Amino acid sequence: MLNRRRFITQSALATGALLVGPAMAKAAHLDDAPKRLTILHTNDVHSRIDPFPMDGGRNQGLGGVAQRASLIRRIRAEQDNVLLLDAGDIFQGTPYFNIYKGEPEIKAMTAMGYDASTVGNHDFDAGLEDLALQLGRHASFPMITCNYDFTNTPMEHLYQPTKIFRKGGLKIGVLGVGVELEGLVPDNLAGNTKYLDPVQQANRYAAELKHAGCDLVVCLSHLGYKYSSSNKISDLTFAPQTENIDLIIGGHTHTFMEKPDVLKNKKGEEVIINQVGWAGIQLGRLDFVFNKNRRKNLAVSQSIPVSEKTDN
Amino acid sequence: MFLRTLRWLFAAGLFLSSCRSAQVPTGAAYHDYRVTDSVGRDTVLSALLAPYRDSVNRSMNDIVGYLDAPLEKKSPQGSLGDFMADALFYMAKEKFGLQPDVAVVNSGGIRLTQVPAGAITRGRIFELMPFDNLVVVQRVKGDVLEQFLNLAASGGGWPLAGVKMGIRDKKAVDIMIGGQPLDRQKTYLLVNSDYVASGGDNAAMLKAIPQQNIGYLMRDALLDYIRAQQAAGHHISIPTETRVYAQ
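As you go down the protein sequences, you meet chains G and A in turn.
Using the working numbering, count along the first sequence one by one with no gaps and you end on 340.
Using the working numbering, count along the second sequence one by one with no gaps and you end on 1116.
Note that these hints are calculated values from the structure, not bench results.
Check each hint, because a few of them may be wrong.
[Unchecked claim] Straight-line alpha carbon distances no greater than 25 Å define the calculated DSS-like cross-link-like pairs of lysine-lysine that follow:
hint, chain 1, residue 1, chain 2, residue 2
1, A, 1010, G, 254
2, A, 1033, G, 260
3, G, 222, A, 1076
4, G, 260, A, 964
[Unchecked claim] One-sided excerpt, in silico: chain G residues whose CB lies under 8 Å from chain A:
hint, residue
5, 167
6, 241
7, 291
These numbers come from a predicted model, not from an experiment.
By construction, the Cβ of each residue, glycine as well, lies at the ideal position given by its N, Cα and C atoms.
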């Protein structure tokens, strides 16, 4: 499919080499056609390499990296423009992590073709030296966070505040924010990491991404969806204070959402929030259509993609 | 001819990208996939993970004890948390050689929502308590203990052993320690994880209090508690009495 589409575009452009005028119009017309982007996402996988065991438990048979990879491969075969993102807490939760300190988790994410992740509080659990070691050795995807300053830590050169992805003529900007470390990550594990205000940092970098011409700005957030017993910042209180962010992919609170939330940001524009529980039990999917010179609309509807022709 | 076409293609491509106006998201649709075996298994990932799995299974599949009914994580009180608090209380007595007043497990430190009935493997206890947190004992004055129990109450109730209390307006009320009302002047022995005792989970009131620490992992306390019951010929005992209740 990808190759055929490329062939059609190239023929149109090649014709343009001979008949410049009309062919340019034709090429411009192709550029006007709606563009599509599929975002797949996980959060809080917590070292869940294998599905939950078949022991009569609530989650038995759910999750599993090889199973998720199979699903991702199938979706990629159907869609040209796919971004695969994770919102942190890759580590901790099964004996895989106690024994291997994150090596199989990071290797698997690289093999699945993850495009980016962000740093969750449990990604500090084996120490920043270990996180840096696993990422340096096994990750082909970046760790994106703009409110942890890792200067003078082993992570110093292994993270970035943002990244721009180019997919089928679209520019997608990704940034990341992490949860406050105080009272959550022990001092000896946090080391010299500085926690910066997520709203200030996110707005600063989201504006940069917008100015760089990004058509969609995605924020990977490990802030948590909602807190009922404290006024700690969460995606629900963060989103209304932001500008230029279109989508928040959340984590930390292990929240299974019935459907994504659509909130209004500081300028009254729509922001989508989504989170898919934990342990790789679910894979989230958001499909976007893009048009030129039209009004932005982020109202989400439910879709039944072709690749979901299996059990549920 | 071919080269010239390529050159033109390149030029046309540049031209197109430079005058390209912004794309606007005009529609969004969502779908959540349930990840199950029915979606198939990717052979590349299966092969990549097989050596890790084999070695994890070798060390984690031995059975340490048996459960007659599932243990559930619930708030303000649940059998899974109570079992863990009991394990800390009992093993602190054994390993530290002292008589604790209170044992606590922070709710966020319980990493499974349920342990099904039947055989319990070593791996299951690792999943329940994956952190390498240590069991520590602190001598805590009654008024500080009350503050700490208020924190537990505001979080919806944390598992406790040695305490009975109510929760009203997110505060601990009618606190009984070892069957006696809490005395703010008295000093109590509190068994805890080093994580919480060091101020984790917002337990700032405990941070400055010295900790007695013998390098004993909480996870080992759970395993030893189960083994001790098995050795005495019992299955894992499931606590049933009321400890923390909403008011």
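Item checked: Structure versus earlier hints, numbers of those that do not hold, lowest first -> 1, 2, 4, 5 and 7
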